[in-house]
Amino acid sequence: MIKLTNVSKEYPKRGYALRDVSFHLKKGQFAFFTGHSGSGKTTTMRLVHMAEKPTQGEVRVTGYSSESVTERGLWQVRRRVGYVFQDFRLLPGRTALENVAFVLEVTGTPRKAIVPIAQRLLAQVGLAPKAGAFVNELSGGEQQRVSIARALANDPFVLLADEPTGNLDERATRGILDLFWDINAKGMAVLMATHDLELIKRYPHARVFELDQGRLVYDSAPD
Amino acid sequence: MYALREALAAFRRAPVLTGLSSAMVGLALYVVGLFGLATYNLRLALTSVEERVEIAVYLRDDARQSEIDLALTELAGIPEVRSVSFISKRDALERARADLPDFGELWGDLEVNPLPQSLEVELRPGSRDPEVVERVSQAAAAYAFVEDVRYGQDWVDKLFTLRRIGAATTAVLGSAFAVVAALIIGTALRIAIFARRDEIYVMRLVGAKGSFIRRPFLVEGAIAGLLGGLLAWALTYATYRGVYTYLFEVAWLPGEWIGLGLLAGGFFGAMSSALAIRRHLREV
Ligand SMILES: Nc1ncnc2c1ncn2[C@@H]1O[C@H](COP(=O)(O)OP(=O)(O)OP(=O)(O)O)[C@@H](O)[C@H]1O
Ligand SMILES: [Mg+2]
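For the protein sequence lines, the chains are V and C, in the order given.
Residues in the first sequence are numbered consecutively from 1, following our numbering.
Residues in the second sequence are numbered consecutively from 224, following our numbering.
Fair warning: there could be bad hints in the mix.
Claimed, not checked - Keeping only pairs whose Cα atoms sit at most 27 Å apart, straight-line, the calculated BS3-like set for lysine-lysine is: (1) C:Lys-381 x V:Lys-53; (2) C:Lys-432 x V:Lys-112; (3) V:Lys-53 x V:Lys-26.
Simulated from the structure, these hints should not be mistaken for lab results.
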């Protein structure tokens, strides 16, 4: 599934963001990534998304290796790995439905299928009634649901969520987490970064990783 | 299809920007068009002058007809020579009378014909360069009964220099302004790319193919280049009409040149937008 082997990431001048990190996330696992600010949570996710290449070590995502991935492989990986952010990163000036439809359109879904699939995805995240609302008319929790629907558009095997509840209140946070567990119950792996240790404690079944200054210092379920 | 739709949507979203960049490209290419027009007409003029590049071989009066016939055949056998004609003393006089009628009485008064008989050597088109002229002249001068060979040495040389300068000027200035046009398109495209950076970001995030992301911008650049080319065509044609009507007779450019110019406009537009989008995709 996702396998990091002795991965280090060094930024010129900034030094190491990750140091010798290894872990294996298996099919359908739910895992939290925690650690202080700057510990390397986002960097890890970007490596899994193959938005960056490791300086040392290897990142494997489904059949693709960071060492040999081609241009074509890169967009295959990005379709198979859903990505959700703290700040949503939706297209302003478009409706919820259009935001999801955009992803389907640019990844080659047949035109006639686009709107029905987008509607189904919005229903899946509980946002069917707001499909026609513009992004700026939605609450933070609702915007995050749109971004999750967008991440699910290409039927990924894993969902990366980088502090997805960082901008949300308690109720909205719980709603998003419930949604993640629903999605996970259908067999999709979830990898979520968060500062919120209280939140992690509420889900004792989840695997927990802790990063500290770029090193993986805790793994609740190592192989 | 998506690419074309997106490119057209971009024009609709920013008609002023697109219009301005096409207009600027049009002006830059207009300069190229003017140089093209000038070069083309210079070329026509030079070609018609070149037609007259011939070698006059003046013969002594005592040359025997058999010798002349032999020289005539031999010179005509040189591959670069198109034709050799014999001008007798009387022909020469007739010609002088026709060419210079003002001297009519003078010609009538002559008791002996002072004009020499000659051979006129005409070269094939494409062989009228200084080197060939020189070689053929030397072959003619080698005959004992040849008095003199004239072909206007300096003149032939100058003709060729002029031609080279013309071609070089057009090539240099033409490409300079073509580069200017490409830079304008590139800048306009960078603005267009910047305006759509959110969409591009999402496309990359969710795994749209690179070619899919690039294509609308390529189409947009090509259209901007083509529009600029069309504008330049119109401006150049207007100039041509103006010069033709009020100044002097000039020839309009051949169709292939125009077609090539428009193609080049579209091509440069697509190329410079390709560079712009490539740079953008590398940066993010
Ligand atoms: N593009 C970059 N260029 C240079 N340094 C970077 C870059 N991205 C991250 N870093 C550095 O790498 C380290 C890890 O950053 P990262 O964003 O992964 O931390 P994080 O755990 O996600 O932090 P936070 O909780 O604040 O989001 C930090 O020191 C950061 O400054
Ligand atoms: Mg982070």
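To see whether the hints hold, each was checked on the structure:
Taking the CA atoms of Lys-381 of chain C and Lys-53 of chain V, the gap is near 63 Å; set against the 27 Å cutoff, the hint is violated. Between Lys-432 of chain C and Lys-112 of chain V the alpha-carbon distance is near 20 Å, which keeps this suggested pair within the 27 Å criterion. The suggested pairing of Lys-53 of chain V with Lys-26 of chain V holds, with an alpha-carbon distance near 21 Å, which does not exceed 27 Å.
Comparing the model with each numbered hint stated earlier shows that hint 1 is the single one that does not hold.
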